[in-house]
Amino acid sequence: MHDEYELIVIGGGPAGLGAALSAREHGLERILVVERDVQLGGILNQCIHNGFGLHYFGEELTGPEYAARLIDRLNGQAIDVLCDAMVLEIIPGENGHTLRLMSADCGYRTVGSQAIILAMGCRERTRGAIQIPGTRAAGIFTAGTAQRYVNIEGYMVGRRIIILGSGDIGLIMARRMVLEGATVVACVEIMPYPGGLTRNIVQCLQDFDIPLYLSHTITRIEGKQRVEKVIVQEVDDRFHPIDGTDIAFDVDTVLLSVGLIPENELSRAAGVEIDSKTSGPIVYENGETSVPGIFACGNVLHVHDLVDFVTTESEGAGKAAAEYVLRRIDVLEKRIYEKVSHDDVNLQSPSYDDPQKVACEAEHARASHDDVERSALIDDLSKKLVQGRSYCLSIVRDETISYTVPQRIRVQRVDKQVSVFFRVKNPQKMPKCIVFRDGERIVASFRRPYMMPGEMERVTLTREQLDDVCGNELLISVEEIR
Amino acid sequence: MFDVAIIGAGVVGCAVAYELSQYKLRAALIEKENDVAMGASRANTAIIHGGYDPATHTLMGRLNVEGMRRCFELCEELDVEHKKTGSWVVAFDATQRTTLEMLLEQGVANGCEGLKILEGDIVRSREPNLSDDIVAALWIPESGVLNPWEFTLAMAEVAVRNGVTFMPNTKVCGLTWRQDHYEIKSHTIRSALNMSEDSSFQQEYHRETDIIAIRAHYVINAAGVGSDLIHNMVAPPAFEIVPTRGEYFLLDGTAVDHLVGSVVFPCPTRAGKGVTVSPTVHGDFLIGPNSEVVADREDTAVTGGALRDIAQKAHRVVPSLNVRTSIRNFAGVRANSTYGDFFIEKSATNFIDLAAIKSPGLTCAPAIARVAREMLQKDGLLKEKRDDWRGGRRIIRFKEIPEEERDAFVRENPLYGRVICRCETITEGEIIASMKREIPPVSIDGIKRRTGTGMGRCQGGFCGPRVMEILARESGRDPLSIEEDGCGSTILIGRTKDPRSREVSSE
Ligand SMILES: Cc1cc2nc3c(=O)[nH]c(=O)nc-3n(C[C@H](O)[C@H](O)[C@H](O)COP(=O)(O)OP(=O)(O)OC[C@H]3O[C@@H](n4cnc5c(N)ncnc54)[C@H](O)[C@@H]3O)c2cc1C
Ligand SMILES: Cc1cc2nc3c(=O)[nH]c(=O)nc-3n(C[C@H](O)[C@H](O)[C@H](O)COP(=O)(O)OP(=O)(O)OC[C@H]3O[C@@H](n4cnc5c(N)ncnc54)[C@H](O)[C@@H]3O)c2cc1C
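Those protein sequences? They're chains A and B, same order as listed. As numbered in the working numbering, residues 52 to 533 make up the first sequence, in order. As numbered in the working numbering, residues 19 to 525 make up the second sequence, in order.
Next up, chain B with everything else stripped away, as it sits in the complex (with noise of 0.2 Å):
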């Protein structure tokens, strides 16, 4: 029995998670997925929010400045990729200056520091490729970018070092209260792990469950895009989520002249805050998203009208932004509501719902935990603090370590010296220490998100055979069961000269 269990392990259930293990509880984290951050915390635009964009009343204005502050420290306290960039709100006309006006007293309410109203001819000195017709621009000095995955990793990390449990491959069908506890039904996926030699040839394998009862007096609903059916699982339907997608561009930071040195956003619309320009913490730089409604909650399809879309506006801002240097496209599903803001209420008996959690939802994440904490503190759970609480994480990055040490340490640490990503500079040493953490990588992807192998401009095309063989070979895994990301995504379907591999005519 657990004493709490947090359903959906994106950036705001592993915030919570981080923030409970500190407690003398017994904690445990539930994810449909193989990994933790597989849903809006891994596609999004990686940007921590100054604070001036939401309204004041609503929960997203009151908790954007705290999450912000509170993000920066923990990308500092867990060694997570993030640059304080600042940003800029640009204006192209005289009614978007209002607008600037507007949100810089909006801002102020809001507790930003800093903020600024400059002319064009200022901000062009200070970022020389924006557009000469743009007239004025907000900057705020409180804001940056960080690597979102890595993040939302390593909260989750630290909160298993803990003593959280971490269930992967989770899903939950049901939730029933029993008197003084939850029984919460899962589907378990079987992966891949542990299948035979010969299951390999069935990707039918992955698709078989088994059901399971967990239980737990308390549930904490982080599930994101399906926060609506869990929370239909234990009261009336009190909002109802409305998947609203964004398409990127992801460009090479090596092919394309420093396009911009800090977050640049056009001026906010009904629609939301539009199609950005910013850096990323690789590098990088990221062009996007539009915004459109989508049936499926998990379609993260790209599409080429979307596409031409952002690439024109991107243009409008940066006008020598060239999208032929695009290395990636990628999409994120992003939890909007028919409620209009972050809905966190107690709606159930020990239920909390932390629902229809959308931008600036990653911003936000460490400050909504710190709202969830209180929630159970108020109903007489965390009443003592772990005295044995390891917090803090060290990742050994090699493109980190400074020049004259460099040798020093690859002579004493040998697979250091081997570059496994050409296109990054990662190295083998990296990879398996990866693997050695509290939540290991399970697929290339997975790896990926640890380690930054493939985000460059081959995109795992040179790397992504290698990687498979270290990950096959330092977890005794046959390669022929590795998955490039999620349940069933095999990359090989056996060996050459297996007549099993050939493809089975139909006649």
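Chain A with its partners taken away, still in its complex shape (with noise of 0.2 Å):
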């Protein structure tokens, strides 16, 4: 391990994978993939069902099996890989980044590195998070903790059991556990339509008997030590619990599938700024955070449904790390530097996103007397300019979706295309059309026969289209088809 990097990753899961694995291909010559667990895979490991790799290598893959593929590639590479360690903090640098981290091998370590890809993946929501009532017995896990003792450590972890929350690892080891010769009760959703893909509820729960309960939800957990019996409910339109629609299972486990977190705590405490929808760090067009030279993707960024999706969007993400390096940002802002300060004829050219404003800008930078401010004016300028954020397109939603990734795009920096990924609000049972606008007039618009808030969307804005965007924010929106 050396003391500085180009580029450090920060889990080594499939995103982590993949996005060193591309920064490697964009001409990285210094990287460092930093993981907790004592191999590399990520959540991967623990997934031994099939149906990954569809999309992304055109087999149906196990989760191990896609894992091994991405990891087999990184051995040929040169790459550093640290396993069993853990990363503590980060703290930005104006030049470049450091990192703290830590293990049992290596001790205590201060690293540097000029660009840091943040691929910690996510963690599973609580009943804590969810508040539900009765007593704190032994036999209630969520469902990848589960997943976890089953899969890979090779215990059972109860005979009769509920899952609440139809989300897809729920539903996964609603399958796993019957095959493990368990009673599965019921799965209870507290929403009126399933969390999980499509495929999953009907391989996972229907072709097992398992019923679904929807607008259902466990209202009490009985049992000293151990769950006893649980008690579900139906709730009203405002997630009420309905008297007299009780139900009591006699079960000794409930799992939990009730959402996942993306794990940003180290994120927040570098400063990088989160989305309150996502969980996830706000990003650009190629995955960089609010502060320069850091980037994110995978389920750190939001919750994915597919691997596949996380390995495209990590290999952006690495792409883009190493664009950064390689640029060398601050030769770049050097040259800009000169022509804020010199020469106004190149600030016209259509390389920068509002020429007019950006050139009235810098007319006012140096039309200050005092040298110190101008300089200063001058300074704040160029960066802003090398880095594009104060030029560029926001991404705005009305109620029928509830996020996008990207949040924001800087125009001048997407090469062809950018994929936009977002989950609609409310299931959409009917044809429909996801449409961008610009103002009043249409961008953009996409045809889905139906749409799910369980399904992650993605559509591909061209660079064509949004240049010829005039406003700063871009609405997207589901809207009848006419």
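These are calculated hints, taken from the structure and not from any lab test. Even glycine gets a Cβ: it sits at the ideal position worked out from N, Cα and C. Do not rely on the hints blindly, as some may be mistaken.
What follows is a set of in silico ranges between Cβ atoms, one per label pair, in the way DEER data are often shown [said to hold, decoys possible]:
no. : chain 1 : residue 1 : chain 2 : residue 2 : range
1   : B       : Asn340    : A       : Gly322    : 16 to 26 Å
2   : A       : Glu279    : B       : Lys417    : 47 to 57 Å
3   : B       : Lys417    : A       : Glu530    : 43 to 53 Å
4   : B       : Asp327    : A       : Gly109    : 52 to 62 Å
5   : A       : Gly205    : B       : Asp314    : 35 to 45 Å
6   : B       : Asn340    : A       : Gly295    : 26 to 36 Å
7   : A       : Gly295    : B       : Met393    : 40 to 50 Å
8   : A       : Cys134    : B       : Glu201    : 51 to 61 Å
9   : B       : Gln330    : A       : Asp518    : 44 to 54 Å
10  : B       : Ile414    : A       : Lys476    : 14 to 24 Å
11  : B       : Lys364    : A       : Gly205    : 49 to 59 Å
12  : A       : Glu80     : B       : Ile414    : 51 to 61 Å
Got two chains here, each in a separate frame; can you build the complex from them with the hints?
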């Protein structure tokens, strides 16, 4: 391990692996991947079912197989890997960032890096986060923890099981537990529609005759030492339990599949701006966060349901990090500084997002009589231009869309096209259109036969479409087909 | 034969054990659960109360300030996590303002120092998130928060180090005076510790008990919510416990921006001190408790209605508070009683009640122990101090090691370089060290109480399996026998592919 890197990737799951490989491919030579577990692969290691890789590898793989493909590629590359080590802190700097990490083997280390990719994945929402009344008996697991016990450690967590939440991990675990000889009495979901992929509802519940109770929730857990009984009630449209709808289930185990939360404590502490909707960093078109040189991809950015999308997204972030490092930002900054201070003609060139506004601001800066103030203003403007931060499009959404990633686009940075990931807020069972508008004008429109909140959607905007946008906001919404 | 047997290893029993361990005598600390601090002492608001609240003529009023000062000293001596944050009692109108004046006067009479009433704007300049509707507040500088189970454990550890016998899994069910000693009849619950591979499939095993008789010249009743039952074994009923539950939210300190820097109480009412908003020693925030009489003394379930009510009340004091950042709910049962005050009496021959120790019992515990010691001394016990007594306690917490010393420390102690609990940054070294102390943990929560693993936002989802592995490995146990918390709370039911792990169908 060195003391200085061009790029450090935090997390060795599919996102981290994909990002490191892509950064290497795009020319970086000193890359370090830090993984807290003893092995690479992230959460895929415990997902022993198949259904991974259809989009990316064009064949059906299990989680560990998918991870193995990425790890094999990585092993052939000059990329440093440090497992069983945890990153404890990111200290952003003007000229490169610093990380503090620790492991039993290498001690407590401070390492520098020009760019950082956040790929820490997510964690599961717990009982405390959703406030289920009742006792605190043993036998209540998040589905992912149960998955680890069963698939990796080889232990059974229960015999009679109820599942709260219809997220994918819960659905997958319902099937797994049945295959391991347990009885799954029900899957209970508070929303009027399932949270997971339709294919998982069919293959994991329906195929095994496990009833799915929509618009229901667990309102009480009983049992002193170990769970003994669970009360389920129907809820009204404001999610309040309806009296008289109680159903009691005798179970010894409750599995929670009630949501995943991107793991952003490190990012937050480093001053990275977080989107309250995704709980992940706010990013630009290339995965760069609000802190220059820090990028994010995978579940730490927003929760994905398909690992294939994670891989594509992380390849983008790896490429962007390589560009960031190789472009030698300081040289560029100097050149722009020169331009801002002397040469207004070049500022009219279309390589800046809003030339008129830039020219105007440059003029204003040069006109200042106070030397100190002048150079400060010029400095400021050139920095803004390098990062392209002040002149970018924000993607805004109406109430039909729950979030988008990226949230901001620096049009000039878009090569040919940019993918926008989003989720709809409510199930759309009839064919609808996803429409991007610049004011009233439609910029792009995409037809979808149906859309569910549990399934992430992706659309692609081209550079041409973006170039035509006049305002600085792009509105995305679900609309009727006209 | 023991000289003194203490029944109950809550904060009161452990404070007494700590006090007695300094003298030449044989003492036993008898506890029905598998660890210390399994009752009220682990589920409370964790506040070191300043002493303005209890009426001056009560025992609570007389012991609070002494207990508070002793708590701070003991936390220093025993390396217990604590913060002297100070606290506020806030008033929303003129009537409540009068209450503040009354509390200030009472506080001064109880021996509090530095109390003052400040105007709303000044209060908000120090606690910017408090409601604009607050007109004034009483400031109590000498108060704060501590880690209640660690406090209890720390005193017990020193006691055991100095010869006190700790008897977990031992439930007292009868007391008989035999001329010069008590025969203490107890159920001993055979713990999962010595189970064979096979029996781990029978949960019933845990409940199998043996009856034993422990003999002691003197008995001290510190049985918390069960203290009236113990009292009634030797004396006519004098008080009755009215179990009163309080529920809580624990809010994630990394998700909410700083809420409050000190403990914030509403104005007290007849029902009690009300819903408080307070920081914890771990950097999180505690919201609660409510107050509800329950039938079952050990009913620590949480209820939807109470939680909604608590959220609403806390919101009034700190409007920006959001319970969506909750990481855990829990409840504790107060040993309130028909007597109304602590019941501290010599109720029978060689028998002392330290009973009905309700709030502020945590704060008062060291003072209660001092009173108990004097009562024993009056009866001619505790004549001679031990000259070989070893006090003090030091815990290595990775988080507290200064930045510049960490590398050298980890290189020398590599186990401290492996983070097991990612939310609280607890290392394998800390977990293993906790297992080598005077009272080793036997469960996942036992390790949680000693090191802080699983206390954070993921609530053990990540570290639980890893802690289990370490606990099993270091104590030579089968992971199948490892319990979450109390006896019978096993986590795993068997190995996969083992037919015994399947459900036995009833047909
Ligand atoms: C419990 C669970 C089960 C899932 N099951 C399925 C499934 O069955 N099917 C499916 O399609 N998708 C599943 N998913 C979604 C799946 O997580 C994603 O498709 C994909 O694995 C996300 O990749 P990632 O690299 O972003 O995150 P992860 O795979 O979670 O990888 C993140 C890595 O970062 C490491 N890390 C985090 N913080 C640090 C730090 N500070 N220092 C060093 N390392 C760190 C972690 O140890 C981890 O290895 C599941 C997700 C979870 C959480
Ligand atoms: C909701 C709540 C909030 C509170 N907040 C505060 C606060 O902020 N500050 C403060 O100072 N105080 C507070 N208190 C009060 C404080 O927690 C208690 O007064 C204190 O913990 C009581 O200690 P104890 O040792 O008497 O009881 P416990 O801790 O309950 O210990 C009694 C022990 O006796 C054992 N036992 C019972 N019966 C038997 C038997 N038959 N055989 C063997 N063992 C037995 C039990 O298992 C238990 O471990 C609060 C209490 C509650 C419930």
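Here's how the hints hold up against the structure:
| no. | hint | result |
| --- | --- | --- |
| 1 | B/Asn340 to A/Gly322: 16 to 26 Å | holds (22 Å) |
| 2 | A/Glu279 to B/Lys417: 47 to 57 Å | violated (38 Å) |
| 3 | B/Lys417 to A/Glu530: 43 to 53 Å | holds (52 Å) |
| 4 | B/Asp327 to A/Gly109: 52 to 62 Å | holds (56 Å) |
| 5 | A/Gly205 to B/Asp314: 35 to 45 Å | holds (38 Å) |
| 6 | B/Asn340 to A/Gly295: 26 to 36 Å | holds (32 Å) |
| 7 | A/Gly295 to B/Met393: 40 to 50 Å | violated (56 Å) |
| 8 | A/Cys134 to B/Glu201: 51 to 61 Å | holds (59 Å) |
| 9 | B/Gln330 to A/Asp518: 44 to 54 Å | holds (52 Å) |
| 10 | B/Ile414 to A/Lys476: 14 to 24 Å | violated (49 Å) |
| 11 | B/Lys364 to A/Gly205: 49 to 59 Å | holds (57 Å) |
| 12 | A/Glu80 to B/Ile414: 51 to 61 Å | violated (40 Å) |
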